[in-house]
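Given the coordinates of chain R, work out where chain E should sit on it, guided by the hints.
Quick note, the sequences are listed as chains R and E, same order. The numbering of the first sequence is our numbering, which starts it at 1 and goes up by one. The numbering of the second sequence is our numbering, which starts it at 1 and goes up by one.
Errors might be hidden in some of the hints.
[Said to hold, decoys possible] Here are the simulated distance ranges between beta carbons: (1) R:I163 <-> E:Q109: 19 to 27 Å; (2) E:G10 <-> R:A102: 49 to 57 Å; (3) E:V59 <-> R:M119: 50 to 58 Å; (4) R:M119 <-> E:D84: 33 to 41 Å; (5) E:L115 <-> R:Q112: 20 to 28 Å; (6) E:G10 <-> R:A113: 37 to 45 Å; (7) E:L115 <-> R:L111: 22 to 30 Å; (8) R:A114 <-> E:E117: 14 to 22 Å; (9) E:L115 <-> R:K92: 53 to 61 Å; (10) E:Q17 <-> R:A113: 40 to 48 Å; (11) E:E117 <-> R:M135: 18 to 26 Å; (12) R:D103 <-> E:D84: 54 to 62 Å.
Source of the hints: derived by calculation from the structure; they are not laboratory data. Treat the numbers as computed from the prediction; the structure is a model and nothing was measured. Quick reminder that beta carbons are idealized off the backbone N, C-alpha and C, glycines included.
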Amino acid sequence: MDKLGIEYKLILAQLVNFTIIMFVLSKLLYKPILSMLEKRKKKIEEGLVLTEKMKVEEEKMEIRKAKMIAETKKEATVLIEESKVHAKDEAKQIIESAHKEADEIIEKGKLQAAEQKKMMQKEMQQEAIDLATGMAKRLLASAMTAETAHTVLKKHIKELQAIA
Amino acid sequence: MAELTKDARGFVSGIVQYLEGDKPISSQVPKLKKLLSKVTAADGKDVEAEVITTVPMQVEEKQKLTTALEKLVKHPVKLVCSVDESYIAGMQIKIGDWVVDTTFVHQLQSLAQVLGE
Numbered sequence: 001m002d003k004l005g006i007e008y009k010l011i012l013a014q015l016v017n018f019t020i021i022m023f024v025l026s027k028l029l030y031k032p033i034l035s036m037l038e039k040r041k042k043k044i045e046e047g048l049v050l051t052e053k054m055k056v057e058e059e060k061m062e063i064r065k066a067k068m069i070a071e072t073k074k075e076a077t078v079l080i081e082e083s084k085v086h087a088k089d090e091a092k093q094i095i096e097s098a099h100k101e102a103d104e105i106i107e108k109g110k111l112q113a114a115e116q117k118k119m120m121q122k123e124m125q126q127e128a129i130d131l132a133t134g135m136a137k138r139l140l141a142s143a144m145t146a147e148t149a150h151t152v153l154k155k156h157i158k159e160l161q162a163i164a
Numbered sequence: 001m002a003e004l005t006k007d008a009r010g011f012v013s014g015i016v017q018y019l020e021g022d023k024p025i026s027s028q029v030p031k032l033k034k035l036l037s038k039v040t041a042a043d044g045k046d047v048e049a050e051v052i053t054t055v056p057m058q059v060e061e062k063q064k065l066t067t068a069l070e071k072l073v074k075h076p077v078k079l080v081c082s083v084d085e086s087y088i089a090g091m092q093i094k095i096g097d098w099v100v101d102t103t104f105v106h107q108l109q110s111l112a113q114v115l116g117e
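Chain E with its partners taken away, still in its complex shape:
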């Protein structure tokens, strides 16, 4: 991989700060907790969560994510993990019809959309 120039590093760091700082994950899950609880309570089986990350998840990360999701949906959650490097960073979680996308690609797309408007 070619080494980045000072300007490019500054640019990347700025973008990363914007993507990480300005839009916390909480803003992307409005009323998700309530809705997921309703959906999963009606079903009675384990909830399957499809998680796509840019790097393979570590055991600790999986445990923490499972716990957090189980608290959200108030049901046992089974993670189905996969890797897609094209997302750059972050993760995409799908539970039923609900999607939480914190990937950099998605955030860049949102940013482009906002700038376009």
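If we strip away everything but chain R, and leave its shape as in the complex, we get:
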């Protein structure tokens, strides 16, 4: 072995050195690095899980959002329909009320016209009576003679005597 240049002592020393270095490195460097790598891996895995969760949540949120939009649209449609129906009802009521009011006005007008007609008829009747009475008075006054007046007077006195 000496001929080949191999020294056992040197090799042994190197082996011891190597073992020591390996031990030191393993204790002081590899383990922390491995631990750090493990931690990072774990964190990445956690991040991935979280991302996955987030994706699921997002999908859920999207579904919920779509559902809400659909519901809102439905509600809005119902509200619009109800409003239309309500507006129709209100319009109907307004028209009915207007018709009723118009009927009342017409009825009132008819009554007023009838009353006015009645009043006019009464006035005309009164005027006719006044005219006839006035005419009768004038004619009687012009036709009345002293003789007739005495005849009437005597008749009335006779009636008084009959009562007495």
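Just chain E, lined up with the frame of chain R:
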């Protein structure tokens, strides 16, 4: 005075007949006899009767009216006569608060009132 036409004469005659015939004087003095007797008996003096006619009353008419009124009120009656041509015909007698109106004007007014109703 202008002479009346035939139609006007007929009208006047109809009115006169209505005024004289349909409402005898008796209908205008309901319970007058009793009431006047009570009123005048309480008083003791002569009763004054205001009589308004359309022509001056003749003596005979006055006597007959006085007698009739005295019988009604059972008291001596003194007539206070006056003339108002606007009454057309008939007479108005006032004794106290009581009035008997047989004038044509009054009857025409009553007729107009009845027609108006």
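Hints versus structure:
{"no.": "1", "hint": "R:I163 <-> E:Q109: 19 to 27 Å", "result": "23 Å, holds"}
{"no.": "2", "hint": "E:G10 <-> R:A102: 49 to 57 Å", "result": "56 Å, holds"}
{"no.": "3", "hint": "E:V59 <-> R:M119: 50 to 58 Å", "result": "54 Å, holds"}
{"no.": "4", "hint": "R:M119 <-> E:D84: 33 to 41 Å", "result": "36 Å, holds"}
{"no.": "5", "hint": "E:L115 <-> R:Q112: 20 to 28 Å", "result": "27 Å, holds"}
{"no.": "6", "hint": "E:G10 <-> R:A113: 37 to 45 Å", "result": "40 Å, holds"}
{"no.": "7", "hint": "E:L115 <-> R:L111: 22 to 30 Å", "result": "27 Å, holds"}
{"no.": "8", "hint": "R:A114 <-> E:E117: 14 to 22 Å", "result": "20 Å, holds"}
{"no.": "9", "hint": "E:L115 <-> R:K92: 53 to 61 Å", "result": "55 Å, holds"}
{"no.": "10", "hint": "E:Q17 <-> R:A113: 40 to 48 Å", "result": "42 Å, holds"}
{"no.": "11", "hint": "E:E117 <-> R:M135: 18 to 26 Å", "result": "20 Å, holds"}
{"no.": "12", "hint": "R:D103 <-> E:D84: 54 to 62 Å", "result": "60 Å, holds"}
Checked against the numbered hints above, the structure breaks none of them.
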